[in-house]
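Colleague: Starting from the two chains in their separate frames, assemble the complex, guided by the hints.
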Amino acid sequence: MASRLLCASSMIASHLRISISQRGFSSVVLKDLKYADSHEWVKIEGNKATVGITDHAQEHLGDVVYVELPDVGRSVSQGESFGAVESVKATSDINSPVSGKVFQVNQNLSESPALVNSSPYEQGWIIKVELSDAGEVKKLMDSDKYSKFCEEEDAKH
Amino acid sequence: MHVHCSMKCLTDLEMRSPRTLEVWRLGTVNYLKSLKIQDKLVSERKAHQIPDTLLSLQHPPTYTLGKRRTDHNLLIPQSELTKIGAELHYTQRGGDITFHGPHQAILYPIISLRGIGYGARNYVETLERSMIEFASMYGVKARPGNKCETGVWVGDRKIGAIGVRISSGITSHGLAFNIDPDMKYFEHIVPCGIADKEVTSLKRETDDLLPSEEVVHEQLITCFAKAFSYDDVVWKEDPAVILDTKDNE
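In order, the protein sequence lines correspond to chains V and F. Going by my numbering, the first residue of the first sequence is number 717, and it counts up by one from there. Going by my numbering, the first residue of the second sequence is number 235, and it counts up by one from there.
A hint or two may mislead.
[Claimed, not checked] Beta-carbon label-pair distances, calculated as ranges:
1. Arg790/V <-> Val449/F: 45 to 55 Å
2. Ser277/F <-> Ala850/V: 23 to 33 Å
3. Ser826/V <-> Leu266/F: 25 to 35 Å
4. Glu852/V <-> Thr304/F: 33 to 43 Å
5. Ala830/V <-> Leu322/F: 25 to 35 Å
6. Asp779/V <-> Ala429/F: 14 to 24 Å
7. Val781/V <-> Glu321/F: 23 to 33 Å
8. Glu421/F <-> Lys861/V: 47 to 57 Å
9. Thr304/F <-> Val788/V: 23 to 33 Å
Think of the hints as simulated: they come from the structure by calculation, not from any bench. From the three backbone atoms N, C-alpha and C, an ideal C-beta is built for every residue, glycine too.
Isolated chain F (complex conformation) (with noise of 0.2 Å):
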């Protein structure tokens, strides 16, 4: 196992055996489904059954909030979400209320947090750090937020936003970074419960023609594996393997 550190000393070997990420790209995911998919893994990941692992997706237009239950930023009524065509789901992630939809690239890392040392606030700032370093590959200059208001800015407008739940070290939910998603939706809800700020996408912000989707995630993924720092980075080739997962609920 160590063997290619062998010029090493002990303890750098003991600090920086290699570290592995296995990537899924699952395509367009139910929110619920996801969710029931991250509950797995993240037993999984805990009982060191499989290694560190990013999930990257998206999801039909769905509102989230996070476990605050901050219902008072949405701003039509519940009743009208099936005739806009979305969904509404209450979560155990941090934040506030959200939306996911087509053209927004979503990221879901079950890692290991202790495995790296990290706490919460390294977690969040190395998010956001991917985000800034993917927006900079199309000359947008992101920047991360001012204290509370965590996510991804380019200049007063939000472009990457995260929610985040930890337990026992093992991180779910993730970011969601605004490709192209039709904003209207945004119109709905106070995005993130910061009532004077705009959303903004990377198409709105930069000038270069965007690739196809497959290669823009891609590219978002790259970033997270390198803000991380991983060795390795394994393309998972059969989702199906994980989205048939048989659920006993």
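Same shape as in the complex, but just chain V (with noise of 0.2 Å):
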């Protein structure tokens, strides 16, 4: 409990709101987690990892109506996708940002799907993974360069 309550508290103040003016709302961006370029985060602890998806991803997928888990047990691969997320009449999947086994996936989502968009980096964590190769965390992006990587795709239209 205690060392949830400290997670909840360092998350808190690691905040960092980018604000995106040509859109004229801010994405949020957490310091402590790791990003992909296909907009999924993941928070690393020791070998096991939670993976999600972002607050821009969020944003720009509107209402999530659906979420599609993967069984527990199955392993995902960096990059490849391993579930998908409905809103607006179109699914999209959501890759991995690592290798491993899951171990959990957040059962939630399937009463409350728009968890994802309401607290896409707590309560709509999708899945913890075991991971089988932490080095490739290495491949990802730190939150500066996530927060410069969504200004720039933002810009292109």
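Modeller: Printed below as a string of structure tokens:
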């Protein structure tokens, strides 16, 4: 319980708000996480990882009405699809930022898929993975790189 | 490559290199075949082997379900389907149950959303705009759906449907616009899972005389290209190239 409180307060402390001027709203990027260019985040704790989609991703999706979760025990590979979210009649694949074995999925998302929108970094987490290759995390972006990446993507239109 | 933009600043050049859309007009294509074609094109688009591509086609009578497999919205037993000359397919697209058939114009864009910085929402909104623009050519005032009612409506009647898949930023599936389909087929489903609304068609909503289907499809394609700001549209002439793809399955 104590470690969870610590975790929560450190997450709040590491909130970094980026203002993306073209769009007029800010997308939240957290300092402690790593990011894939397909807009998934990962939180590494030892050899365990929690995965979800970013605030930028959920904004661009619209209201999530369905989350397709993988089975517990399934392998995932960095960069490959492991599930999907549905919003506005579009299913969008979710790619894993890490490789390993899924040991937990967020069952709450079956009842409440909108958690992905309202709490993308906390209650909207999607899977937890036991890492098979911790070295792969180096290929991901840190929060500064990811913020810049989002700005560049949004500037395209 | 940037010659025609020589007067612009560098960031402008980076953002606005000319965007080409390749269009294949395929006539009537069996649903499963169209899925195989799309899978191949998605891989090729992802590998940057082809530019943004648009398939324009129709299907024989076909009911399809989305990823959520909402088959409670099919109102007749599956065994009855062959009697009415229709197939049923489960797909990976978003959205609920729908019907595709002759005289319904279908567009399947296989495009890179990352190339234009779009997410699902912008993409779907632009698909809606394409159909609204197209309807307006016939004096039909269409509108996007309310929240949770993605698609294009004339009043309370649905004229265009959307169901899309996005995989690593590449789109497949797309939109279906009712030109003059046999509306009886819609009676066997709860279209798009929306129970109390009608389905309509361009034929029903306009007083204008409709030109040939070829012309109508071309107009819809042009509205799509305009809505997505393509600089060049390349009309591919030989559909056999794509239709005769050798399947390894």
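Colleague: Each hint: holds or not?
Modeller: Status of the hints after comparison with the structure:
| no. | hint | verdict |
| --- | --- | --- |
| 1 | Arg790/V <-> Val449/F: 45 to 55 Å | holds, 50 Å |
| 2 | Ser277/F <-> Ala850/V: 23 to 33 Å | holds, 30 Å |
| 3 | Ser826/V <-> Leu266/F: 25 to 35 Å | holds, 30 Å |
| 4 | Glu852/V <-> Thr304/F: 33 to 43 Å | holds, 37 Å |
| 5 | Ala830/V <-> Leu322/F: 25 to 35 Å | holds, 30 Å |
| 6 | Asp779/V <-> Ala429/F: 14 to 24 Å | holds, 20 Å |
| 7 | Val781/V <-> Glu321/F: 23 to 33 Å | holds, 26 Å |
| 8 | Glu421/F <-> Lys861/V: 47 to 57 Å | holds, 54 Å |
| 9 | Thr304/F <-> Val788/V: 23 to 33 Å | holds, 25 Å |
The structure is consistent with each of the numbered hints, conforming to all of them.
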